[in-house]
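Go ahead and model the full structure; you've got the sequences and the hints to work with.
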Amino acid sequence: MRILKRMWEWFDDLTGVSALVAPLLMHPVPRARKSAWLYVLGSATFVAFVIQIVTGIALASGYVPSSGQAYDSLMFITGTSFGRIVRGIHAFGASAMIILIGLHAIRVYLMAAYKYPRQMNWLTGAGLLMLTLLMAFTGQLLRWDQTGFWSVVIAAEQGGRAPVIGNWLGHFILAGDTVGGATLSRFFAAHVFFIPALIFLLLGSHLYLVVHNGISEPPEAGRPVDPKTYRSWYHALLARDGQPFWPDAAWRDVVFGFLVIATVVGLAIAVGPPEIGKPPDPTIIQASPRPEWYFLWYYAVLSLIPKWSEDWVIILGPALFVSVLFLLPFVAGKGERSPIRRPWSFVIVAFIAFMIAYYGSVGHVAPWSPRMDAAPLPMQVVGAEHGPVADGARIFHDKGCEFCHTVSGYGGVRGPDLTYAGDTMNPAQMTTRIYSGATNMPSYNGNLTSDQLSALLAFLGSRHRQPVLPIPEVR
Amino acid sequence: MTENVPFETETKGCAEAGRRRFLTRISVILGSIGAALVAIPSGAFLLGLRKTPQVWRTVGKLGDFKLGSTVNVSFQDSSPLPWSGVTAQTAAWLRRTGDQQFVAFSMNCTHLGCPVRWLAEADLFMCPCHGGVFYADGRVASGPPPKPLNQYPVRVNNDQVQILTSPVPIT
Chain A
43 MRILKRMWEW
53 FDDLTGVSAL
63 VAPLLMHPVP
73 RARKSAWLYV
83 LGSATFVAFV
93 IQIVTGIALA
103 SGYVPSSGQA
113 YDSLMFITGT
123 SFGRIVRGIH
133 AFGASAMIIL
143 IGLHAIRVYL
153 MAAYKYPRQM
163 NWLTGAGLLM
173 LTLLMAFTGQ
183 LLRWDQTGFW
193 SVVIAAEQGG
203 RAPVIGNWLG
213 HFILAGDTVG
223 GATLSRFFAA
233 HVFFIPALIF
243 LLLGSHLYLV
253 VHNGISEPPE
263 AGRPVDPKTY
273 RSWYHALLAR
283 DGQPFWPDAA
293 WRDVVFGFLV
303 IATVVGLAIA
313 VGPPEIGKPP
323 DPTIIQASPR
333 PEWYFLWYYA
343 VLSLIPKWSE
353 DWVIILGPAL
363 FVSVLFLLPF
373 VAGKGERSPI
383 RRPWSFVIVA
393 FIAFMIAYYG
403 SVGHVAPWSP
413 RMDAAPLPMQ
423 VVGAEHGPVA
433 DGARIFHDKG
443 CEFCHTVSGY
453 GGVRGPDLTY
463 AGDTMNPAQM
473 TTRIYSGATN
483 MPSYNGNLTS
493 DQLSALLAFL
503 GSRHRQPVLP
513 IPEVR
Chain B
26 MTENVPFETE
36 TKGCAEAGRR
46 RFLTRISVIL
56 GSIGAALVAI
66 PSGAFLLGLR
76 KTPQVWRTVG
86 KLGDFKLGST
96 VNVSFQDSSP
106 LPWSGVTAQT
116 AAWLRRTGDQ
126 QFVAFSMNCT
136 HLGCPVRWLA
146 EADLFMCPCH
156 GGVFYADGRV
166 ASGPPPKPLN
176 QYPVRVNNDQ
186 VQILTSPVPI
196 T
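Residue numbers (the working numbering), protein chains in the order written: chain A, 43 to 517; chain B, 26 to 196.
Keep in mind that the hints were calculated from the coordinates and are not lab data.
Nothing here was measured: the structure is a model prediction, and the numbers come from that model.
Glycine residues also receive a C-beta, built at the ideal position from the N, C-alpha and C atoms.
Don't take each hint at face value.
Claimed, not checked - Interface residues of chain A toward chain B, partial, derived using beta-carbon atoms under 7 Å:
hint: 1; residue: Gly319
hint: 2; residue: Asp323
hint: 3; residue: Ser478
Stated by the list, open to error - Derived list of chain A stretches under chain B, where covered just means 3 residues or more per stretch with a C-beta under 8 Å from a C-beta of chain B:
hint: 4; region: 45 to 54
hint: 5; region: 197 to 207
hint: 6; region: 248 to 261
hint: 7; region: 439 to 445
Pasting the structure below:
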């Protein structure tokens, strides 16, 4: 023991480590009392980031960032028992990092910790939030299956909506004229070198600022921030009632950080990594790309807004989000911090939570997507094996009607449910609708023979709440 | 940590201050040039887009295609990188409209680029993402697409049906 102590003293004398680290670890922080556990979210985000670095390095040692081979190398990684777990940890770690950085941002917003003198803390944090979302996007794409491949195309098309530089931006995202050999390497470099380098930079600044400006004290109603007096008041508070960060406050970070690690690893082992879809072969046409859960709400919003507003929302939506995030600490840099005195903050947080939860669940169902894999209606639903009703049911499937319209629980939900079409429309109304189409329904004028139309009308007309004709028994 | 030693810049007189200003300037200029020397080629390589020539690719013989039918064809990009693998391919929908006439549609929906599918029985293209529908001639039938399906130039050359490789249309 003595020799170890001597060695440490020698090392510390030559390097000055303890003189550098001790003030950082022991810097005084205000007592957070009831809200103490709310202060663990930032360090937990950092823990999730470290999980991503460690598992990311492990994955990079097996992954081949080549458009032609990435898919097979990922299959190889997943085929090994530890590779499978590491992929799972990296995927659940990504979700954890997004959840935690989101909660951290909400906590800081509700407590208005972005006000003087911590505006730069907020700005670096906002930058880290953007970079985390970029990591999430570029990361899911490195899976380089059908969804990864089409994500690039969809991102390029969205970038293409930008004014003036759109065409260049779109092809820059593709890394050329088409998706090809250069595409994946570019996203790999972004995900593994470029964005992480920016994260390190901003994270370093963020942590420096946390120590430089001191951790914000829990807000209290009726105690507004006045930039003229805040710093001296804060230092007096620390002198009067501060505690050393280590270990008085840090133990909670350690406990919560451990729970994050245990949860992520546990889920990775129990659930496993996300499934790898079909290879990134553009000649496979049975592709239905879907974003990961954290972008589902945005996917839903883009799908539900009116068509005319789309170009504006695709460009101005993210721009507005970034501007609000970056302007907030300057517009509201002083004054009341307590959320009780800032009731709008609850409304805004509730709105954000609603958008993500509600539109996320809508995006999960994706009612605007036709169900192109809908099987022909079964006999029990059709109610006839031969004759015009059965023919009409077949036409209902073959002409694509069923991909968008539900009948008795089968088919898509893009258009109106036609389970009881016979009760709500007469044949003339049906014919008009079929021939003229609608905003989201093609016109079938010239597409159906008169026999096909009458069979279709017979089938739709047989859709009643109360069956008019006795349905033959199914054998 | 080292203590900052205060330098008395004012008292040493004009000559000393001028020398310091000169040294500062030289350092900033050299540093900037050095940074540019590294950044310009790196940035140019990163931002530069690889232009590929357009070439005609044969997708089948004239006799392979039935009049009025739309089929899925695929062809290789004009000059794929050796490690492109399956991504070197491009798929298109090819429709024979006459004895020597063909129309080749891009797979990409003009809304957000998802791959449209041909419903042969329904004579329609349908997009799985947001339900955009196009008629057999590529016109928008319904849904969000803002314009008709993009087309590739296509020709018949010595009994071979050929498509001209083209950049992915950014709409």
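Check your understanding: In ascending order, which of the hints set out earlier in this document are inconsistent with the structure?
Key -> Numbers 1, 3, 4, 6 - these are the hints that the structure violates, sorted from lowest upward.
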